[in-house]
Each structure stands twice: as structure tokens, then as C-alpha cells.
Amino acid sequence: MQELDQVFVNAKGWLLSLFPIGLRPWVSIAVSVGVIAAIAPFIMMYLTWLERKIIARMQNRFGPTRVGVYGLLQPISDGIKMLIKEDIVPRGADPLLHILAPILSLAPAILLFAVMPFGRNMIAADLNVGLLYLFAISSISSYSIFMGGWASRSKFSILGAMRGVAQIISYEVPGVLSVVAVIMITGTLSMVGIVEAQADQWFVFTPWGIVGCLMFFLSGVAEVNRTPFDMPEAESELVGGFHTEYSGMKFALWYMAEFLESFAICAFTTTLFLGGWQGPAVPFWVLGLLLAVIVATGTKLPAPIRSVGAAAMLGAAVLWRTQVIPSWAWFLAKTYALVFVLVWLRGTFPRLRVDQLMGLAWKFFLPLGLVNIVAAGIWWSLRETPWFGWIASAVVLALSAWALVLANKPEPLQPRTYIYAD
Amino acid sequence: MIGIGVLRGMGVTFKTFLETYPWGRGLLRALRIPTTNGLVTVEYPDVKQQHHERFRYFPFLVYDQTPDNLRCVACKICEQECPPACIHIIGPAKDEQGRPAKAHGRTYPVEFDIDISVCMSCRICVDVCPFDAIEMDNQYELSGFDRFGQMVFNKDKLLKPNDYFQRIKPTEAATVDARLAAKKK
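In order, the protein sequence lines correspond to chains A and B.
What the first sequence shows, in my numbering, is residues 5 to 426, in sequence order.
What the second sequence shows, in my numbering, is residues 780 to 964, in sequence order.
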């Protein structure tokens with residue numbers, strides 16, 4: 005099973021062995037960069053397809069079906085369309101900044117892939133300050149959004165850009181705070197170190213971990229401007245927000261940056277809280293066997309489902325026991341599950357108002373993030389008695405979340421009295 | 780509890796998501812959750828929607844038995860009443876001495892053109908016609924590449940038999956036929 009797990013690493017090793025020793029570090033860099041540069045657009049293309057398919061199904065539609073089987077060639081035809089469209093720069097716009105902004109937004113999105121641990125030994129650059137790098141790089145998108153909005157010379161663009169900057173800066177704070185707990189527990193900023201620290205237990209199964217995971221994920225959703233936090237590009241209010249005046253391939257670059265960043269958010273949530281490329285440490289094959297027994301004996305279910313379900317559970321348990329699933333498959337499965345959640349959120353919720361959005365960041369996430377650090381501390385200091393620590397930190401978090409909701413509850417509106425109309 | 784409404788909302792969309800797949804419907808049925816077929820899209824060029832009988836798109840000229848036995852007498856009321864002025868009639872036909880030419884005891888139009896790209900499907904021409912000579916068709920796949928060559932229908936293209944009318948709109952045709960029979964007596 006080791007071969008399947010390390011298949012990409014071994015392939016790279018074989019490729020490197022073809023070159024003289026002096027060249028190998030450079031070839032290694034070139035290969036990593038080349039692979040990332042090749043798969044990033046591919047990931048983005050099929051994320052758009054995935055999003056359109058899932059959102060369509062949630063709205064009782066089919067989604068793309070015409071181009072290729074299940075519309076699988078749709079992203080390619082979209083790409084060709086974008087390439088051959090006219091590139092319009094509005095009169096009075098700043099042409100240099102206008103073309104620089106989408107490039108500046110795409111570059112950090114691809115740079116984020118450098119510290120993404122796709123699997124065991126599958127990371128382009130295992131920086132010892134990986135987490136710092138993540139936050140430093142992902143903050144650049146606020147510059148590019150404002151640059152794009154400003155350079156377009158359009159009031160919709162500038163409004164969207166202003167909203168975008170306010171939102172991104174606000175949500176960076178809870179985003180960073182939610183990760184502080186992880187740094188406290190693992191004692192490292194390296195992505196590989198964080199993943200390896202979760203070998204015994206994914207952080208999402210601890211009280212501070214679930215809160216941190218939700219906060220990091222939702223702040224990430226807000227930071228990459230996706231529904232329900234897509235204030236900077238609110239179609240119904242701002243036409244297209246900061247990319248109103250963009251067309252053709254420049255527009256596609258904006259979208260590429262957005263989709264790659266949302267993929268990165270899912271990937272880093274997986275890395276930081278969902279165990280990265282680790283399979284669940286819990287002996288899940290026991291659970292699988294248990295479920296097989298439960299499904300097989302469940303009298304409420306119809307007979308075919310019972311037999312098929314029991315067989316599936318049994319198969320899963322055997323698979324689990326033998327550990328055939330490679331690490332990169334775990335990572336991609338978890339990441340794409342989070343991508344599904346991202347699209348699911350988009351399919352369910354309407355856009356927040358600006359004040360609600362800011363209120364969520366400053367009045368709820370920020371204090372909860374601070375409490376979360378305390379809770380993680382409690383959990384860590386009581387690690388000798390795990391259950392007690394677990395319950396103590398859960399109680400602290402639940403109480404403070406409840407208190408925050410109570411404190412933030414808006415006053416009920418009184419019946420309005422009309423002074424002049426009566 | 781906090782956030783329960785959020786989860787309930789997500790449950791609704793996830794149920795809709797499952798309902799669009801056969802396996803999803805099977806899963807929901809197995810869990811004893813009432814389901815419907817979630818997909819409501821009619822994939823148009825492959826599948827056509829069943830239209831109601833009174834669905835109308837564009838007028839046509841009715842003839843009885845043979846194409847020269849058309850009901851239109853070229854009175855031009857429809858041409859005058861047409862709000863977007865898309866009907867163009869030349870006629871009634873004259874013989875060499877300038878007297879009205881007749882076919883089957885009626886005058887008839889020389890040219891009868893309707894610009895279908897201008898027509899707004901209002902059915903006023905049908906309402907004003909004293910002879911029930913013009914009726915609404917339900918054909919809607921009329922696109923073409925040539926604005927005046929294909930979008931302007933002449934008399935040949937507009938003429939359709941009464942049988943066709945009876946076939947596409949049985950109820951309306953029965954009323955019209957009854958009215959015409961009463962007039963003949």
C-alpha cells in the first residue's frame with residue numbers, strides 16, 4: 005500500500021534521478037512549480053463545473069448538460085469563450101492598474117498551493133512558518149480587489165472594492181484567532197507538523213477544534229467573497245462589484261483567483277482541523293463492523309437496503325483495516341467534501357446585509373475566538389484527564405457562545421408610531 | 780437552540796439535492812421521507828413541453844378544401860387593426876376590366892404578408908375578422924437566418940387547411956365551424 009501512497013513522490017524522485025546531482029534542486033523546484041501551475045487552472049475549471057452542477061441540483065435544475073457527457077467539457081468551452089472575448093478597458097480607467105489587479109489577485113491564490121500538504125511528503129515547500137505564509141499571502145487579495153475597483157473608474161466597482169476591503173480586513177482577525185489555538189496545541193507553524201500532530205485525534209473532534217474549524221471556515225468563506233458573504237460583488241446591488249468593468253480573460257482571472265482561494269480555504273481547513281492527509285485515527289473499522297450489524301438487523305429498513313448497506317459497511321470496515329486508501333486521496337476527499345459544503349452554503353443562504361456581516365465578525369467571532377484560545381488552554385492543561393478537560397473546555401465555549409448570542413440579540417422592534425400621519 | 784434554523788435551511792436544500800437523483804430518491808424513500816421528482820427542467824430541444832390547447836403564437840390563414848378557397852376576402856380590417864402593423868395586404872384581386880375577381884363566389888387577396896418578427900401574438904386580427912379567415916397557430920420554432928426572406932411569411936406559407944385548425948384547436952374550431960354554419964343558413 006506504501007507504493008500507492010507515495011506514487012507521486014516516487015514519480016518525482018524517478019524524474020529527478022534522470023538529471024545530474026548538481027541540477028536536482030533546481031529541477032525539483034521546477035517540477036513542483038510546474039505541477040502546481042498545471043493543476044491550479046484544472047482545479048479551478050472543474051470547481052466551476054462542480055459548483056454549477058451542485059447548485060443546479062439544489063435548485064431543481066440539471067446544470068450544464070450540453071457540452072460533453074454531463075457537461076464535462078463546459079469549463080473548456082467557457083475558457084475558449086473567455087479567451088476570444090473582447091477585452092474592454094473603460095474610458096478614463098487606469099490601463100496599467102486595470103490589467104495588474106487580476107494578475108495580483110491570481111498570483112497569491114496560486115502561491116497558496118505551495119504550502120498545501122496534498123499527502124504524505126507531498127508538499128511543494130514545507131516552510132517552518134507555513135501558517136504565517138498562508139495569512140500573509142491570502143491578505144494580498146484585499147489590495148488587488150481595491151486596485152481593480154479603483155482602476156475601473158466606475159462607482160459600482162469602487163463601492164464593491166470598499167466593501168471588499170472592509171470585509172477582508174474584518175474577517176482576517178477571527179481567521180487568525182481561530183488558528184492560534186492550533187498553534188498553541190501543536191507548537192508549530194509548519195503545515196506538515198500540524199497534520200502530523202493530528203495523528204491521534206483530528207482537532208475537529210475537540211471542543212476548541214470544532215469552534216475553531218467553523219470560525220476558520222466561515223471567515224475563509226467571507227475572505228474569498230463567496231455567498232452568503234459576497235458583499236463586494238453583490239449582483240443585485242452593485243452589478244458585479246469590483247469586477248463590473250472587467251471582461252474577457254481578465255474577468256476569468258478574477259474568477260480563477262476566487263475559485264482557487266475557495267479551494268485553498270477548504271484545503272487549509274482540512275489541514276488545520278480535519279487531519280489533513282491522515283485517515284481517522286479512531287479505529288473506524290470497528291465502527292464499520294458495528295454499523296454493518298446495525299444495518300443488517302434494522303427491521304425498519306427494506307430488505308435490499310439492509311443487505312446492500314450491510315455489505316457496504318463490511319467492505320468499508322475491511323478497507324479501513326487494511327488501510328489501502330492513500331494519503332492524497334484522504335486529503336482530496338476531505339477538501340472536496342468541504343467544497344460541497346461551500347456550494348451548499350451558497351445554495352441555501354441569501355446574502356447578509358453589510359451591518360450583519362460586520363457584526364458577525366466583530367461582535368461574535370472575535371470574542372468567541374479569544375474565548376476559544378482560553379478553552380484550548382484549559383483543554384491542554386487538563387490533558388492528563390482527557391474527559392474532564394474535554395468537558396471543561398466545552399462548557400466554557402458553550403456558555404460564552406450562549407452569552408454572546410444573548411448579548412448580540414437585537415432589540416425587538418416596537419410598533420411604529422406615525423407622528424405626522426395621524 | 781442557536782443555529783437550528785440554519786441547519787434546517789441546509790436540510791431543505793440537501794433534500795432537494797437528493798431528490799434530483801434516482802439514488803437520492805431511493806435513499807429518502809428508504810428513510811421513509813416523502814419525496815417527489817426534484818427535476819422540473821424540460822430539456823427543450825430533446826423534449827417538448829405539452830402545450831395547452833389555447834396556446835397561441837402566430838396567425839395563419841384558413842382555407843376550406845382547396846388552397847384557392849380561402850375565407851379571406853381582403854377586406855383589410857386586420858391590417859388596420861394590427862397594433863404593430865405587421866400585416867400587409869394587396870387586393871382584392873381585380874380582373875382586366877378592373878372588376879373584382881372572384882374565386883368560389885368571394886373576392887380574394889393578391890398578396891397577404893405577415894412579418895412574424897414584428898407580430899406580437901395579440902390575436903386582435905382573429906377577433907376583428909368578420910369571416911373567421913385568420914386564426915392563431917401554435918407553431919413556435921420559426922427561427923431563420925434571413926430577416927426579410929424568412930421572417931416575412933407570404934400567402935403560400937400562411938395558408939393552412941381547416942382540418943389543421945380542427946386538429947390543433949378542437950374546441951375553438953368547433954365554435955367557429957358552428958358560427959359559419961349558422962351564417963350559411
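Some hints here could point you the wrong way.
[Claimed, not checked] What follows is a set of in silico ranges between Cβ atoms, one per label pair, in the way DEER data are often shown:
(1) B:Tyr919 to A:Phe46: 50 to 58 Å
(2) B:Tyr919 to A:Arg70: 14 to 22 Å
(3) B:Thr820 to A:Ile214: 36 to 44 Å
(4) B:Leu806 to A:Phe12: 28 to 36 Å
(5) B:Ala864 to A:Asp98: 34 to 42 Å
(6) A:Phe344 to B:His830: 34 to 42 Å
(7) B:Gly928 to A:Gly38: 31 to 39 Å
(8) A:Asn64 to B:His830: 19 to 27 Å
(9) A:Gln360 to B:Phe834: 28 to 36 Å
(10) A:Asp204 to B:Leu806: 45 to 53 Å
[To be verified] Dumping the calculated DMTMM-like pairs for lysine to aspartate or glutamate here, alpha-carbon to alpha-carbon at most 25 Å:
(11) B:Lys936 to B:Glu822
(12) B:Lys827 to B:Glu890
(13) B:Lys964 to B:Glu951
(14) B:Lys794 to A:Glu415
(15) B:Lys934 to B:Glu822
(16) A:Lys85 to B:Glu822
Keep in mind that the hints were calculated from the coordinates and are not lab data.
The C-beta atom is built at its ideal place from N, Cα and C for all residues, glycine as well.
Structure-based check of all given hints:
1. Range check, B:Tyr919 to A:Phe46: Cβ separation about 41 Å, and the 50 to 58 Å hint is violated.
2. Under the hint 14 to 22 Å, the C-beta atoms of B:Tyr919 and A:Arg70, about 21 Å apart, fit the expected range.
3. For B:Thr820 and A:Ile214, the hinted distance range of 36 to 44 Å is satisfied, since their beta carbons lie about 38 Å from each other.
4. Taken as a hint, the range 28 to 36 Å holds for the pair B:Leu806 and A:Phe12, whose Cβ atoms sit roughly 34 Å apart.
5. Take B:Ala864 and A:Asp98: their Cβ atoms lie about 50 Å apart, and the range 34 to 42 Å is violated.
6. At about 38 Å, the CB distance of A:Phe344 to B:His830 agrees with the hint of 34 to 42 Å.
7. Between B:Gly928 and A:Gly38 the Cβ separation comes to about 55 Å, which falls outside the hinted range of 31 to 39 Å.
8. Taken as a hint, the range 19 to 27 Å holds for the pair A:Asn64 and B:His830, whose Cβ atoms sit roughly 21 Å apart.
9. Take A:Gln360 and B:Phe834: their Cβ atoms lie about 45 Å apart, and the range 28 to 36 Å is violated.
10. Distance hint for A:Asp204 and B:Leu806: a CB-CB separation of about 34 Å, inconsistent with the stated range 45 to 53 Å.
11. Under the criterion of a C-alpha separation no larger than 25 Å, the hint pairing B:Lys936 with B:Glu822 is inconsistent with the structure, at around 29 Å.
12. For the hint pairing B:Lys827 with B:Glu890, the CA-to-CA distance comes to about 34 Å; that exceeds 25 Å, so the pair is violated.
13. Between the alpha carbons of B:Lys964 and B:Glu951 the distance comes to roughly 21 Å, so the proposed pair stays at or under 25 Å and holds.
14. Using a Cα cut-off of 25 Å, the hinted pair B:Lys794 and A:Glu415 is violated, with the two alpha carbons roughly 34 Å apart.
15. A hinted pair counts as satisfied when its Cα atoms are at most 25 Å apart, and B:Lys934 with B:Glu822 does not qualify at roughly 34 Å.
16. The hinted pair formed by A:Lys85 and B:Glu822 meets the criterion: a straight-line CA distance of about 23 Å does not exceed 25 Å.
When the structure is compared with the earlier hints, violations turn up for hints 1, 5, 7, 9, 10, 11, 12, 14, 15 and for no others.
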